[in-house]
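Starting from the two chains in their separate frames, assemble the complex, guided by the hints.
Order-wise, the sequence lines are chains A and B. Residue 199 in numbering that gives the first Met the number 0 sits at position 200 of the first sequence, and the numbers go up by one each step. Residue 11 in numbering that gives the first Met the number 0 sits at position 12 of the second sequence, and the numbers go up by one each step.
Calculated directly from the structure, the hints in this document are not laboratory data. Among these hints, one or two may not hold up.
EDC-like, lysine to aspartate or glutamate: derived pairs with alpha carbons at most 16 Å apart [stated by the list, open to error]: (1) B:Lys163 to A:Glu136; (2) B:Lys12 to B:Asp43; (3) B:Lys163 to A:Glu215; (4) B:Lys163 to A:Asp14; (5) B:Lys12 to B:Glu41; (6) B:Lys12 to B:Glu63; (7) B:Lys54 to B:Glu41; (8) B:Lys163 to A:Asp5.
Here the structure is a predicted model, which means the values were calculated and not measured.
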Amino acid sequence: MKHSTDQDLLTFHWDADRATGAHVAGCASCAARLSELRAVVRAAEGAAVPERGEGYGRDVWARLAPSLPDIAPRARLWDFGFRPLAAAPAVAALVLVLVLVLVATGFLAGRLATPRPPAAAELAELAELRQRVLFAELSEHLERSEAVLLELANAPRGTVDVSAEQARLTELLPANRLYRQASRRAGQPAITGVLDELERVLLDVEHGPSQLTRAERDALARRIETDGVLFRLRVLSSRIRAGGKTPPSPAPDSLLERKRA
Amino acid sequence: MEGIDRAAVLRAKAGDREAFREIVESHSRHVFGLAFRMTGNEEDAEDVVQETFLKAYRGLARFEGSSEVSTWLHRIAANCAVDLLRRRKGGFSESAGSDDTDLLPDSRSGPEAAALGSEIDGRIQASLGRLSAMERAAFTLRHFEGRSIREIAGVLGVRAGAAKNCVFRAVAKLREDLGPVRTAAR
Numbered sequence: 000m001k002h003s004t005d006q007d008l009l010t011f012h013w014d015a016d017r018a019t020g021a022h023v024a025g026c027a028s029c030a031a032r033l034s035e036l037r038a039v040v041r042a043a044e045g046a047a048v049p050e051r052g053e054g055y056g057r058d059v060w061a062r063l064a065p066s067l068p069d070i071a072p073r074a075r076l077w078d079f080g081f082r083p084l085a086a087a088p089a090v091a092a093l094v095l096v097l098v099l100v101l102v103a104t105g106f107l108a109g110r111l112a113t114p115r116p117p118a119a120a121e122l123a124e125l126a127e128l129r130q131r132v133l134f135a136e137l138s139e140h141l142e143r144s145e146a147v148l149l150e151l152a153n154a155p156r157g158t159v160d161v162s163a164e165q166a167r168l169t170e171l172l173p174a175n176r177l178y179r180q181a182s183r184r185a186g187q188p189a190i191t192g193v194l195d196e197l198e199r200v201l202l203d204v205e206h207g208p209s210q211l212t213r214a215e216r217d218a219l220a221r222r223i224e225t226d227g228v229l230f231r232l233r234v235l236s237s238r239i240r241a242g243g244k245t246p247p248s249p250a251p252d253s254l255l256e257r258k259r260a
Numbered sequence: 000m001e002g003i004d005r006a007a008v009l010r011a012k013a014g015d016r017e018a019f020r021e022i023v024e025s026h027s028r029h030v031f032g033l034a035f036r037m038t039g040n041e042e043d044a045e046d047v048v049q050e051t052f053l054k055a056y057r058g059l060a061r062f063e064g065s066s067e068v069s070t071w072l073h074r075i076a077a078n079c080a081v082d083l084l085r086r087r088k089g090g091f092s093e094s095a096g097s098d099d100t101d102l103l104p105d106s107r108s109g110p111e112a113a114a115l116g117s118e119i120d121g122r123i124q125a126s127l128g129r130l131s132a133m134e135r136a137a138f139t140l141r142h143f144e145g146r147s148i149r150e151i152a153g154v155l156g157v158r159a160g161a162a163k164n165c166v167f168r169a170v171a172k173l174r175e176d177l178g179p180v181r182t183a184a185r
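One chain only, chain B, in its complex shape (with noise of 0.2 Å):
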């Protein structure tokens, strides 16, 4: 798969479209997986994958096949995700405004049981839409893509410290969020 996106690559720098079309079309998926995760609204996911191919054929003479196509290709979406998210940022913060732990029902079981998960994952959402830009991108970017600090300090252009902290506070706000609706759950 990467050597065929490396010689996708090398024909679409030498100005072959369908080239470049097949890395699109091989790549929108994960690509849209990632934006999604890291915006967590489906319309704002489609417009950073539109972005982000955009970035990637603007620039594409300046990558050089030191990493993989789709490590190029996620890091410019997690890029265009963060600037997405911290324009939008006033959005997210509403969205964690309300605490209703208290509304959670005290027996589940057949419709009960459904709108408990209904509201666990409204919850999570939730969670995951106080989380600032950054820490958002981080936590994704370290739970869901695996990558390591290092990487994150690159992609977000931080330090490693600070992206480091970035995947802690996240971490420490879901389990705030979160840690009731589980226990209540159970």
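Chain A with its partners taken away, still in its complex shape (with noise of 0.2 Å):
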């Protein structure tokens, strides 16, 4: 007779299908496997949650008006009466002809006009801008990235299943190609080498198998860790944090040094 697996029993135990019911009644050790897991989540509920009273909302209420910004109600065309599909081939031509009329403009405008090149201050000013949001939405990006290092160095001892942490590559490995484009074009060359060995790491990763060995994951964890991807990755985010600021260059040797003094 084949046993049930821990993890049918567990599937049993919160969906209760069908098939593992009919064999845990008549397997005497099925069910007392299935007594021990059920005994085990039980227990886990033993871990208190602290009461809060009635009027624990209004207290969360009163913590949170104050960081609220208003909200401007959206009006939206069809509030009117407007159908989008029923107008879709009248919305169409209307766009098209804006098209042409812009076109039109344009190329007379270019013909009449001697362009005008922009003011330094409207250059720099732009070019300040665009540094903020690609810090602000990098700043975001590392923490993530973080996250998924962390999990991976902390990871049990043993056998380890990764693939959760692979999952999530699959998003943060094209973001973080487009960062580091995105900063070597800015010329922050401190940020683009960061980015540049994060991608070399997490690609490792995800191209590597799902179930880590003891010695592939301390490999891993090394080189995480001692290798310093992690720490380097620690810095950027904190002097992108400590105010948007163009984090200074240094050499990557040198960071490490500092990490080990």
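Given below as structure tokens:
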């Protein structure tokens, strides 16, 4: 007789699937294991949740309300009887006419007017704005990457399943590539260097096995922690958070030396 | 309740702050319960509650009403808790370091039984603290929230197989930690 696995028994505990139920009913050994697993998950319920009184919601609101901006109601076209599908041909025609008018105006304006070069101040302002946007987005990306690296570095000893982390990399890697390219274009070698290194680690994890042996797990943890990827990531992250200023470009080795010291 | 919630969301979307206050007041305790189970820490749970409602407020325009308001809020809360746990992971790992199974008393009566109860409670907390952020989140959502594996995968942003593994790994770790305590308590 083939016994149920622990996973089957847990699935049965939560979802009560019939096949496992029928087996457990006639198998004392699986019934005993099911009972043990149930006791374990129920033991977790013993971790008491501190009670919050009836007025808790009011307290939360009192703390929250000052930080909430006003919501401006968004008027939508269909609130006034507009039917998007019915009006689609008319809208398309209108858009086409507008595009033609804009192209014609641009063409004529280009022929009649001498283009004015943007002032240096405008260019500087634009560059600063672009940089601020990049830093804000980048900061969030670094935080997410750090979380994945931490999960990997702190994975339990022994064979470990990293498929969850690999799944998260499918989003992180393309984003990392974009930020790396953007930082290179923006002339930020320090950021580009860290993202470059991060990408190599992430790529190796993504293309590696989803089940890591103890040796593989240790090697990965060493690479993340000892080789300093995580440290550089944190330094960059904290500098960006500290004020969105362009981080200076210390050589990676000097950072590591400082860490070891 | 759900009808009232949906009406409140519609009013809040239209700029009515009072409507959002109603949502906050009626869901805070449940959100706190979930946040505490996921973080194991009152202070962190309070942060998660604040963050959840702030995010919900900012995301009101994107809430289409395809799920219940409570489900929507719990999804945001779970994500906030997962983010927070990932940031604090170092602290959680440390709490699981000691393995003092041998220190359990042999006979239990009166004060000793109380001490054992407190020890078991401590062990449960420590064992939950040993779970990774993903494992703790997945287990809480599965066991306490009754979410399906597919829903958990959606909340955590991972594949269903990975979510399932997280739940099973969590139970395996709990079993490893709590097995000796339960045996000793008998």
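For B:Lys163 and A:Glu215, compute the direct alpha-carbon distance and say whether it is at most 16 Å. With a Cα-Cα distance of about 23 Å, the restraint between B:Lys163 and A:Glu215 is violated, given a limit of 16 Å.
Would the hint linking B:Lys12 and B:Glu63 be met if the CA-CA limit is 16 Å? holds (11 Å)
Can the restraint linking B:Lys54 and B:Glu41 be considered satisfied, given a maximum Cα separation of 16 Å? Distance ~20 Å between B:Lys54 and B:Glu41 Cα, so the pair is violated.
Quick one, are B:Lys163 and A:Asp5 close enough, alpha carbons at most 16 Å? holds (13 Å)
Holds or violated: B:Lys12 and B:Asp43, Cα atoms, limit 16 Å. At roughly 28 Å apart (the allowed maximum being 16 Å), B:Asp43 and B:Lys12 break the hint.
Keeping to a limit of 16 Å between CA atoms, is the pair of B:Lys12 and B:Glu41 held or broken? violated (31 Å)
When you check the alpha-carbon spacing of B:Lys163 and A:Asp14, does it fall within 16 Å? holds (13 Å)
Is it true that the CA of B:Lys163 sits at most 16 Å from the CA of A:Glu136? Since the Cα atoms of B:Lys163 and A:Glu136 sit roughly 31 Å apart, the hinted pair is violated (cutoff 16 Å).
Hint violations for this structure: numbers 1, 2, 3, 5, 7, all remaining hints satisfied.
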